[in-house]
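Going line by line, the protein sequences match chains A and B.
Counting from -4, one number per residue, gives the positions in the first sequence under this note's numbering.
Counting from 451, one number per residue, gives the positions in the second sequence under this note's numbering.
For the record, the hints were derived by calculation from the structure and aren't laboratory data.
Warning: the hint list may mix true and false statements.
Unchecked claim - Just a sample of chain A residues kept apart from chain B, beta carbon distances all over 12 angstroms, derived:
1. ILE2
2. MET38
3. SER68
4. PHE86
What the hints assert, rightly or not - Per the computed footprint, the stretches of chain B lying under chain A, defined by three or more beta-carbons under 8 angstroms from a beta-carbon of chain A, are:
5. 495 to 506
6. 509 to 517
Stated by the list, open to error - In silico DSBU-like pairs for lysine-lysine, Cα to Cα no more than 35 angstroms straight-line:
7. A:LYS101 <-> B:LYS517
8. A:LYS52 <-> B:LYS517
9. B:LYS517 <-> A:LYS(-2)
10. B:LYS492 <-> A:LYS57
11. A:LYS(-2) <-> A:LYS54
12. A:LYS(-2) <-> B:LYS506
13. A:LYS54 <-> B:LYS517
14. B:LYS492 <-> A:LYS101
15. B:LYS453 <-> A:LYS52
16. B:LYS495 <-> A:LYS101
17. A:LYS54 <-> B:LYS492
18. A:LYS73 <-> B:LYS495
19. B:LYS453 <-> A:LYS48
20. A:LYS73 <-> B:LYS517
21. B:LYS517 <-> A:LYS48
22. A:LYS52 <-> B:LYS495
23. A:LYS54 <-> B:LYS552
24. B:LYS495 <-> A:LYS57
25. B:LYS506 <-> A:LYS101
26. A:LYS48 <-> B:LYS552
27. B:LYS453 <-> A:LYS(-2)
28. B:LYS495 <-> A:LYS48
29. A:LYS73 <-> B:LYS453
30. A:LYS57 <-> B:LYS453
31. A:LYS48 <-> B:LYS492
32. B:LYS517 <-> A:LYS57
33. A:LYS73 <-> B:LYS492
Backbone N, C-alpha and C fix where the C-beta goes; we use that ideal spot for every residue, glycine too.
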Amino acid sequence: GPKVLQIPSHQIIDMGQMVTLNCDPVSNHLYFYWYKQILGQQMEFLVNFYNGKVMEKSKLFKDQFSVERPDGSYFTLKIQPTALEDSAVYFCASSPTGNTEVFFGKGTRLTVV
Amino acid sequence: QQKVQQSPESLIVPEGAMTSLNCTFSDSASQYFAWYRQHSGKAPKALMSIFSNGEKEEGRFTIHLNKASLHFSLHIRDSQPSDSALYLCAVSGGNYKPTFGKGTSLVVHP
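All chains, full assembly: derive it from the sequences and hints.
Below you can see the structure in the form of C-alpha cells.
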C-alpha cells in the first residue's frame, strides 16, 4: 500500500538545540499532518498542511514549532529550541482528500536530554 | 472543537471471544469514521471506515455507525492473539483534521 517515509527513526538531542524531522508523504496526497504520541497513548494532532499552507494548529503546536514543504520535497517539522517535554514519537501522515483514510509513517522517536 | 472518547480503556479477552470497542464523538456534522490499529512500536494503520449510518462487515470485523447517537463501534468476532494492539477511533469532518480517541488497549490471550 501507500507508504509515508520518516527520517530519522530515532533522534537524541540536547535541550535547547534545533531538530528537524523529515517526512516523505505519499506522492499524490494533498493533505499532510503531524501528530505527537507519548508512550503509546493518545495520538494528538499538532498541525495540518494543504496547498503550501498551514490549515490549523493545535495548542500543542508551540511557537517553537514550524512546518514547511519547500518545492514539493520533504514535509518537515522543525523545533527550535527543543524542550524536555518535546520528547515523544512524532508521526507524519498524509491523506488524498483530508476526509478519508490517513496514512501514517513509522514515526520519529525524539528524545530531548 | 471535536471531542472523541473511547471505551473501555483496556480489555482482556480469551481467544475466540467477541470483542466490542466503542467510540463517541461530539460534532454531529462529522463525515468520516474510522478505526485504526496500532501494534506496539508501529505506525497506526487504518482497519475499517464508514461514511453513513449502518453497518459494514469485513471478515471478522464489523463497524457500526449511529450518527444520531454520536456513536460508532468496532466488533471483532473470534478474537485472535494477533488482534492484540491499541485500537484508535478517528473522526473527521469539514476541517480535514482527523481527531483520534485515546485508544483501547486490547489483549487477546490464548
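Q.
Under the constraints set out in the numbered hints, which ones does this structure not fulfil?
A. Result: hints 2, 4, 6 and 20 break, sorted rising.
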